[in-house]
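Number of protein chains: 2
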Amino acid sequence: VDQVAQEFSEQHRVVYYDTEVTGEMGIGKLVDMMMLASEDHSDSVGVTTKKVLGLGLGWVITQHLLTINRLPKNNEVVTVKTKAASYNPYFCYRDFWVKAADGTTLAKMHTVFVLMDQEKRKITRIVPELVAPFESEFTKKIERNPLPKAPQTITARHDYGVRFMDIDSNHHVNNVHYFDWMLDVLGADFLIKHRLKEMNIQYKQEVRYGQVATSEVEISGLTTNHQIKVGSELSCLATCRWEER
Amino acid sequence: VDQVAQEFSEQHRVVYYDTEVTGEMGIGKLVDMMMLASEDHSDSVGVTTKKVLGLGLGWVITQHLLTINRLPKNNEVVTVKTKAASYNPYFCYRDFWVKAADGTTLAKMHTVFVLMDQEKRKITRIVPELVAPFESEFTKKIERNPLPKAPQTITARHDYGVRFMDIDSNHHVNNVHYFDWMLDVLGADFLIKHRLKEMNIQYKQEVRYGQVATSEVEISGLTTNHQIKVGSELSCLATCRWEER
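Residue numbers (the working numbering), protein chains in the order written: chain A, 11 to 255; chain L, 11 to 255.
Keep in mind that the hints are not guaranteed to be accurate.
Any copy, or any two copies together, can satisfy a pair, since identical chains are not distinguished.
[Unchecked claim] Derived BS3-like pairs (lysine-lysine); straight-line CA-CA distance at most 27 Å:
#1 Lys130 with Lys60
#2 Lys118 with Lys93
#3 Lys150 with Lys239
#4 Lys83 with Lys61
#5 Lys91 with Lys109
No lab work stands behind these hints, which were simulated from the structure alone.
Just chain A, same shape as in the assembly (with noise of 0.2 Å):
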């Protein structure tokens, strides 16, 4: 296996609008950065979200597991690595890696995705042309990743309209508006006393242009559990685990 082939990197300038109150560049922004390098990478092996359309498939994320040593500042150039990990039968595992200047990782995450088939809107078998050139290892090992947890006494609840904005050309809610949701819910004074320093989030079910997504969140200590309903639909969990400023 050719190593080198199948990382991808690319830098990313840190600009004002990418970051929040405390000068840190904000999460949903970070996870958009890190897809922006996953899309670049597929781009460049040929596996084009064009191609994959043609395939009547898309991917879609289930799962990212976060990991945040710091959050890059505004004006910090950064270092987006990713790798396309492993793939089983019916899931494809990818890492990312942030980097200071300095080689330090500011944030890992593992992501998972699965091969939609766009028409009977079911999850497909993956289909060796789209993984084959990333060169990952194929294994017959389902990944046991940890899974949020629902929150059980609701802290706090907000309802968010979905934006015009917050689709895209495919009229899916980018993922990364779910974490919009999911924080701001905890409120300013919270955002500002904590430092997130891990996140997992499952994405159950899509929200759609049009749609509320309601966000609740049990705040326990240093742990927030969250989820987004539609209605009683449940579309989305997260836990994430904070350390006081």
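Knowing the structure of chain A, use the given hints to seat chain L on it.
Coordinates of chain L only, in the frame set by chain A:
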């Protein structure tokens, strides 16, 4: 006057999260990109935000006059040019151009800035040392730019809570979020079937975290008149001119 010294330009790659369902860059993102060029221009001549704040002052935008020929597309690399055009005792005027690789102008913007005394929260006279480095022209003439028209009959109305992600390190709502509030209220059907050609937006009063921005619009053929209110207080006005797609 050294014309070269006055101009600043930088490149920007439009990426998937800058674009909307149309595959084109969002209006808020377009203005974000131009404002970044303005910040980078200011930094390059030593008029940093830190220096301005150190004098107890802050730049405040009072009006943008935006003209769009064509919106940048996903993955397009554009050049943003900007120039501090002129100033008089109370106003600074800045021009922006967004250019395609072949040199054609995709969008233009004319922006009016004032200086705010941070303690008194009042507009103050332009401080020469903050404008001299741009080599912009001093003029006694105050521009008489057309003003947006307030909506007379409300066609649509929607409330937007200010999110934690909307506020910057000065605890202000980034001006760009007003674009999202003003345009989203038009609805997907209108936004997909029309192309924005001109937008004249005037900022009256800041919206703060925790407040609810009520976005109201009057749709009158290919002209839309917008206002943002917080309770009964007028925060922002805009008039847009559209063409059918």
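Here is how each hint holds up against the structure:
1. Lys130 with Lys60: within (19 Å within a copy, 55 Å between copies)
2. Lys118 with Lys93: Within one copy only: 12 Å inside a chain, 40 Å across chains, cut-off 27 Å.
3. Lys150 with Lys239: neither (33 Å within a copy, 58 Å between copies)
4. Lys83 with Lys61: between (36 Å within a copy, 19 Å between copies)
5. Lys91 with Lys109: within (8 Å within a copy, 30 Å between copies)
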